[in-house]
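Novice: Sequence:
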Amino acid sequence: RRMARTEKNGSITVLADRFEGKRLNSPNDAVYKRNGDLYFTDPPYGFLKQDDDPAKELPFNGVFRLTAAGKLDLLVKDMTRPNGLGFSPDEKKLYVANSDQKRKLWMVYDVKPDGTLANGKVFFDATSEQAPGAPDGLKLDTRGNVYATGPGGVWVFSPQGKRLGTISPPEIPANCHWGDADGKSLYMTARTGLYRVKLNVAGIRP
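Numbers in this note's numbering are just positions in the sequence shown, counted from 1, shifted up by 703.
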């Protein structure tokens with residue numbers, strides 16, 4: 704129920720654990736902006752009864768920003784299950800996955816000059832897909848294409864929201880990230896395995 708950093712000596716520094724005096728739900732995914740601001744999602748997956756759990760203090764599942772100065776801002780509170788998130792190469796767009804079986808979709812927001820979000824809209828709606836899996840982790844490549852775990856595998860979208868294809872490892876993946884020296888390998892984690900596929904375009908890495 705917190706965002707924390709493990710230091711080199713093993714100690715833990717708590718970055719954020721409350722918003723307006725109420726405990727966070729269960730922070731799930733995070734991405735840094737180049738200026739040092741940390742954006743993260745806070746769904747209810749850590750609760751036994753999720754939204755109906757008596758331990759849940761916040762009445763929403765939010766997308767937050769922790770500024771480099773240590774200020775915690777609520778940016779989005781109308782998503783049911785905010786999960787994976789990532790910036791476009793120019794950091795003018797933020798993509799957020801919604802891991803709700805009743806509303807399987809990805810949202811995209813404009814990132815304003817002050818770092819807040821505006822003009823949220825549905826980037827792609829996969830609610831009708833029957834394959835197992837839901838929107839979860841996502842990453843972007845240097846051309847702005849989106850690689851998002853979802854029903855049946857990793858969905859690949861153009862920056863305009865056109866579905867380019869699906870990468871389907873032997874298991875349904877939940878998260879993905881770029882690796883290897885050239886940054887052109889997409890690693891995918893699943894329930895029991897770790898998978899890798901070599902691609903032609905490098906990904907965005909910290």
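Hints were generated in silico from the structure; no laboratory data involved. Check each hint, because a few of them may be wrong.
Pairwise CB distance ranges (calculated) [what the hints assert, rightly or not]: (1) A733 - Q753: 32 to 40 Å; (2) R726 - V904: 12 to 20 Å; (3) R846 - R704: 31 to 39 Å; (4) T895 - T716: 28 to 36 Å; (5) S871 - P762: 23 to 31 Å; (6) L897 - A733: 16 to 24 Å; (7) T770 - V900: 20 to 28 Å; (8) D756 - Q863: 17 to 25 Å.
Below are the PhoX-like pairs computed for lysine-lysine, each with C-alpha atoms no more than 25 Å apart in a straight line [what the hints assert, rightly or not]: (9) K865 - K805; (10) K774 - K752; (11) K736 - K780; (12) K774 - K805; (13) K795 - K824.
All C-beta atoms in this analysis are idealised placements derived from N, C-alpha and C, irrespective of residue type, glycine included.
Novice: Is it true that S871 and P762 lie within 23 to 31 Å of each other by Cβ?
Specialist: violated (38 Å)
Novice: Note whether the CB distance of T770 and V900 lies within 20 to 28 Å or breaks it.
Specialist: Violated - the Cβ-Cβ distance for T770 and V900, about 36 Å, lies outside 20 to 28 Å.
Novice: Starting from the range 32 to 40 Å, see whether the pair A733 and Q753 falls in it by beta-carbon distance.
Specialist: Violated: the Cβ-Cβ distance is about 20 Å, outside 32 to 40 Å.
Novice: Could you grab the alpha-carbon distance between K736 and K780 and see if it respects the 25 Å cut-off?
Specialist: Cα-Cα ~20 Å, so holds.
Novice: Holds or violated: 12 to 20 Å for the Cβ distance of R726 and V904?
Specialist: violated (40 Å)
Novice: Tell me if the beta carbons of L897 and A733 are separated by a distance inside 16 to 24 Å.
Specialist: holds (20 Å)
Novice: Take a quick look at whether K795 and K824 sit within 25 Å of each other, Cα to Cα.
Specialist: Holds, because 14 Å separates the two Cα atoms, which is no more than 25 Å.
Novice: Checking one constraint from the list: CA of K865 to CA of K805, max 25 Å. Satisfied?
Specialist: holds (22 Å)
Novice: Taking the CB of R846 and the CB of R704, does the distance hold inside 31 to 39 Å?
Specialist: This hint holds: roughly 37 Å between Cβ atoms.
Novice: With a cut-off of 25 Å on the C-alpha distance, tell me whether K774 and K805 pass.
Specialist: Given pair K774, K805 is violated - Cα atoms ~33 Å apart, limit 25 Å.
Novice: Measuring from beta carbon to beta carbon, are D756 and Q863 in 17 to 25 Å?
Specialist: violated (39 Å)
Novice: Is 28 to 36 Å a correct range for the gap between the Cβ atoms of T895 and T716?
Specialist: holds (33 Å)
Of the numbered hints stated above, those contradicted by the structure are hints 1, 2, 5, 7, 8, 10, 12, listed in ascending order.
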